[in-house]
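Undergrad: With chain X's structure known, arrange chain V on it following the hints.
Listed below are the residues making up each chain.
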Amino acid sequence: MHAAVIVFPGSNCDRDLAVAFEHAGAKVSMVWHKDADLPDGVDVVGIPGGFSFGDYLRCGAIAANSPITRSVINHVERGGYALGICNGFQVLTETGLLPGALRRNANLKFLCKSVDLRVEDCDTPYLKGYEPGQVISIPIAHHDGNYFVDDDKLKQLRDEGRIAFTYVDNPNGSVADIAGVVSRNRRVLGMMPHPERAAEPAHGGTDGKAMFDGLLREMALA
Amino acid sequence: MTDEPAITEELIEAHGLKPDEYQRILEIIGREPSFTELGIFSAMWNEHCSYKSSKKWLRTLPTEGPQVICGPGENAGVVDIGDNQAVIFKMESHNHPSYIEPYQGAATGVGGILRDVFTMGARPIAAMNSLSFGEVGHPKTRQLVHGVVEGIGGYGNCFGVPTVGGEVRFDPAYNGNCLVNAFAAGLADADKIFYSAASGVGMPVVYLGAKTGRDGVGGATMASAEFDESIEEKRPTVQVGDPFTEKRLMEACLELMQTGAVISIQDMGAAGLTCSAVEMGDKGGLGVKLQLDDVPQREDNMTAYEMMLSESQERMLMVLDPSKEAEARAVFEKWDLDFAIVGETIPEDRFLILHGNEVKADLPLATLSGSAPEYDRPWVATPAVAPLDPTTFAAIDPIDGLRTLIASPNYAAKQWVYEQYDTMVMADTVRTPGLGAGVVRVHDTGKMLAFTSDVTPRYVKANPTEGGKQAVAEAYRNLTAVGATPLASTDNLNFGNPEKPKIMGQFVGAIKGIGAAVAALDMPIVSGNVSLYNETDGQAILPTPTIAAVGLIKADDTPIFGQARDGHVALLVGDTLGHLGQSALLAEVFNRAEGDAPPVDLEAEKRNGEFIRANAGWIKACTDLSDGGLALAAFEMAEAAGVGVQLDDGDTAQLFGEDQGRYLIACSFDAAEALMTAAGQTGVPIASVGKFGGDTVRMGSSEAPLAELSALFRRAFEEAVG
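If you're matching them up, the sequences are chains X and V in order. Sequential numbering from 1 applies to the first sequence in full-length UniProt numbering. Sequential numbering from 1 applies to the second sequence in full-length UniProt numbering.
Incorrect hints may have been included.
[What the hints assert, rightly or not] With beta-carbon atoms standing in for the labels, derived distance ranges:
no.: 1; chain 1: X; residue 1: ALA106; chain 2: V; residue 2: GLY683; range: 34 to 42 angstroms
no.: 2; chain 1: X; residue 1: ASP123; chain 2: V; residue 2: GLY260; range: 48 to 56 angstroms
no.: 3; chain 1: V; residue 1: ALA326; chain 2: X; residue 2: PRO67; range: 22 to 30 angstroms
no.: 4; chain 1: V; residue 1: SER668; chain 2: X; residue 2: ARG184; range: 52 to 60 angstroms
no.: 5; chain 1: X; residue 1: ASP40; chain 2: V; residue 2: THR259; range: 22 to 30 angstroms
What the hints contain is simulated information worked out from the structure, not anything from laboratory work. Heads up, the beta-carbon is just placed ideally off N, CA and C, and yes, glycines get one too.
This is chain X alone, in the form it adopts within the complex (with noise of 0.2 angstroms):
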């Protein structure tokens, strides 16, 4: 299987990103920003945490038109996997790759720490390693990470079994509670909290780490 982590000037967790899908067992390529490919037979695309581009505009709007957005909106057109946690979910929101926007968390403060999700019951590749309605204890650390669809997608979201992560305790202020959502095809994932910052036992919690070999399971076998 093989990773490629974009890399946009202000990402910071484009490493550990690139070590929790090195450890799930893929080859990761690091794609810089101003590249206008991906590498050849990329099967999922991560775009990790971090500050893009400073996010003094909308987080994520700058790097929404940066030259490899184009071809990772290429890659999901034609049916490739895609992964953004944290920043990542507010670029994939902001290319339109998944509904909804990221706004301010509702104390308008940054907030980093453990939170408890619950699985729903999401029919996509990345929640293989889990059971629906499961507790998992994962990371956040964000400033916007209150996530907003008005009421129609929200049906139309909790119609298709789109909602893949809600929080137990809204750390943030996000509409019914979502914590990340999946693509119609369910290969795309955006998420705010960070699995991969709960991946090895040294990080206090390896709940993340399911979803990183669940989905490199699933992907061998599609």
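TA: For chain V alone, coordinates are given in the frame of chain X:
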């Protein structure tokens, strides 16, 4: 030289130069300085850059050891951690800017210290901060706390360095002058450290990073003066930070260093272009010529004076190997940063500044750097204080005492603060802030580094020497309590006006204590910063010599990361005499600052610390005893684990005394027996003082539900200042 103001007495005074200092300038250059030259002298000679009041005493500090690769004098200290790796670290204050403009002041403090670390070739891997604010009820305090914490988070989170530790305290002595001390540590290969000394004549001097604006002009001079009511006028001297640019600057510099293009490099901090260019020239025994027209500028019509004194952030100066220019330029283009050749090294001892077709400054460089005034300021030793008379206050119900402590923002849980910092970015954080030292893994190795920052200003005020020792000893204990071996330290010495003999006496006393302690505990001072004139309207802060220290956990060491469990024994290591003078209990419950600071027995510190490390395998959880003594330590250990604790003795002095050299251990019954035997063999005092378990906190015969105390502990900080 046209368009520059005439040199008048008022202008000289406005530059913070004393009449005798100006006379010295006249003697050095043999003529009246130009306006730009006056600015350059003022930048180089202010307290902040020249350490003119403190140098004499700083020289007495132990700075060497087999582990030290580079001590004070460079951008940061460099310490060997084995396997050809080095940890590079420093702590620096940004007190005055943070009081004037808390968000940007704190943010640029973080930016400055990160730059000090990556300038030397190290990728920052951990940050901490030590914050001191005025009393909670003071009208400015809340705004300062919010601004400073958001500024630290805003910068560090975006840059991408985990904040793994720190301190927050409140005391009326900081009402008019908060302290923001920022620490950063980075990791580099021990044989690839970059220094600031220029070498080679005719080498290009290259400007890297963000453009130069008018922000921060005169900042270093501002930071070397006392405050008064005119402080609001000083807001324009505070710089504005851009962590996104800093992040790119770091990546570009580290990439550039791989190309072999960097001969020497220096970040532009206080007094910007002036200090960095002079430093590089002076250390290399060379002159420097700068052509200011080539400096990337953010604003129109900037004068030579403004460019030389600007403190615009996220900038670097380097001496380039000219054969690698194309490669170097390409790196900076990749990261969309300015790269401009702005001058060259010259053989003669000259600091030559050209702008347009004019010479704006022409000064002897080595003299400019080396001739800063140095003062042996008169000082008076802090008089000895009478010991606290224990009969002057009533015994208290220990649970009531604990409640008062944990409801105080000084001792309440600080999650409101540290949850605003990214404590886990880089995915190597093993221990986040909250209890004792922060710990990060050394990526891809079995090693870990522990970080702590400590000082107890009330002790330093009562007894500067014992207080200075105590700051070092507490740092030593915090590192030890996670199983780390202390390696070295950095000091951030915050004091009032050194021209007052009483204040200078505090400084001298604290230095003596710090020096004795770092020598005894083998934690040499490898970098540091002095912040003087922390006074407002003549009111000095509490003397606050912050000690930040780094410890190493080797691959085959046993870290102590566990938690207390139901049934664990509570073991107390070290002697308890019940020292209540200057204690947290006395301050918070009785509102009294009386008595002497607790004495520090450095031999006992070393012996007890070595005992903890040698027996780490038996210990599940460990914490040092400091503010609030056994009572607070036991509560915090229990609270973190979500398990109750029962302490046998309900005596106020036994529970709340702040005797030094002590640790609290949680371990199994069998381990306790082994530890007591080992302690007996090495002469380490040890005693079982109770046990962990249940869902209450009991001290003697007084008891309360853990859940109730925990809720109080967790909400008190936010209720006070949130």
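Undergrad: Decide, hint by hint, whether the structure agrees.
TA: Hints and how they fare:
1. ALA106/X to GLY683/V: 34 to 42 angstroms: violated (57 angstroms)
2. ASP123/X to GLY260/V: 48 to 56 angstroms: holds (53 angstroms)
3. ALA326/V to PRO67/X: 22 to 30 angstroms: holds (23 angstroms)
4. SER668/V to ARG184/X: 52 to 60 angstroms: holds (55 angstroms)
5. ASP40/X to THR259/V: 22 to 30 angstroms: holds (28 angstroms)
Against the hints set out earlier in the document, a violation occurs for number 1 only.
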